[in-house]
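Residue numbers (UniProt numbering): 1 to 307.
FYI, nobody ran anything at the bench for these hints, they're computed from the structure. Any given hint could turn out to be false.
[Stated by the list, open to error] Simulated restraints on C-beta separations:
| id | residue 1 | residue 2 | range |
| --- | --- | --- | --- |
| 1 | Glu300 | Ser151 | 26 to 36 Å |
| 2 | Ala234 | Asp141 | 46 to 56 Å |
| 3 | Thr216 | Ser25 | 26 to 36 Å |
| 4 | Pro119 | Asp240 | 26 to 36 Å |
| 5 | Ala110 | Leu305 | 15 to 25 Å |
| 6 | Thr56 | Arg249 | 19 to 29 Å |
| 7 | Arg146 | Ala307 | 38 to 48 Å |
| 8 | Thr306 | Thr206 | 17 to 27 Å |
| 9 | Thr2 | Pro214 | 35 to 45 Å |
| 10 | Leu305 | Gly81 | 17 to 27 Å |
| 11 | Thr56 | Pro214 | 31 to 41 Å |
| 12 | Gly154 | Asp240 | 50 to 60 Å |
Glycine is no exception: its CB is placed at the ideal position from the N, C-alpha and C atoms.
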Amino acid sequence: MTVRFGVHLPLIDFGGEPWTAARLSDYVREAAALGFDYVCANDHLLFRRAWLDGPTSLAAVLDASADMTIATTVALPVVRGPVHTATMLAALHALSGGRLIAGVGPGSSAADFAAAGIPFAERWKRFDEAVRVLRVLLGHDASPFRGRFYSTDGVDGPIVGSSPPPPLWISSWGSPAGIRRVAELGDGWLASAYNTSPQAFRDGVTRLEASGRPATFPTAVATTWLHVTDRADAADHVIDDLLAPTLGRPADDLRAAGLPIGSPEQCAERIDAYIRAGAERILLWPIGDEIRQLTAFRTEVVPLLTA
């Protein structure tokens, strides 16, 4: 199996540089030149640090992304509303020339739900309905849907004509319930590198196959935080001072997650673990000095991969 790599847009400013359209476009062009196949963006309303809106940023780099596949990792149809999310996804798909993977998830941030005025406890029930609405609005399903929270009443067919519609990938950290949802509603599975261990990923792939999904059912590991450095103190700084407070997670938990933060050898070992677990796509989020980090990954880490 040949693994393919992608990059997250740098929506969090770890390096103190101002956000500009030119900076994002240069980053994407460099990623394409380095051979990365995907460019993706996460989605939040609010975050612990200043956050550049993901879908808007993805739209800003459509031209720079050339023939790269673009992806939302993930859009939030409960927080933003399924109709608004569908129109956004349909526009990205149309304007990119059909290059979108429409990744969606319920969202895990209570702050996003509070900002949207939606009870956090309702996220799973609402998400199941929202995905069914998306499948109708994007053109996957022809039958109308009417649920407790959402319906397609008043919507006549797909909102933006796109043939074929974008594949709808469902996010899950790998729980049995999450994998059942992926198998039932999704065209692919998006896992999270700092929430889904390689073993949990392998177990998820096994559950998907047991549910009747073929071995070719597409998967990806997203939000794979990356920092290549031979200095142990620099790696500690990235985890302790940048990533842990940004994510609101204990630094020891992030170390235990086995993220590719450290020497080229350590990063290669951690990427190999996901490849051996069956990951077909790994989406990297470089922390600080992004282009240099992507270059280091390609030139120093990839040659060491053995899986």
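The hints, checked one at a time:
Between Glu300 and Ser151 the CB atoms are about 52 Å apart, so this pair departs from the stated range of 26 to 36 Å. With their beta carbons about 49 Å apart, Ala234 and Asp141 fall inside the hinted range of 46 to 56 Å. Distance hint check: the CB atoms of Thr216 and Ser25 are about 34 Å apart, consistent with the given range 26 to 36 Å. Take Pro119 and Asp240: their Cβ atoms lie about 34 Å apart, and the range 26 to 36 Å holds.
The hinted window of 15 to 25 Å between Ala110 and Leu305 is violated, with their beta carbons roughly 37 Å apart. Taken as a hint, the range 19 to 29 Å holds for the pair Thr56 and Arg249, whose Cβ atoms sit roughly 26 Å apart. Look at Arg146 against Ala307: about 46 Å separates their beta carbons, and that is inside 38 to 48 Å. Here the CB-CB span from Thr306 to Thr206 is close to 23 Å, well matched to the stated 17 to 27 Å.
For the pair Thr2 and Pro214, the supplied restraint of 35 to 45 Å is violated, since their beta-carbon distance comes to about 18 Å. At about 41 Å, the CB distance of Leu305 to Gly81 disagrees with the hint of 17 to 27 Å. Here the CB-CB span from Thr56 to Pro214 is close to 35 Å, well matched to the stated 31 to 41 Å. For Gly154 paired with Asp240, a C-beta distance near 51 Å keeps the hint of 50 to 60 Å intact.
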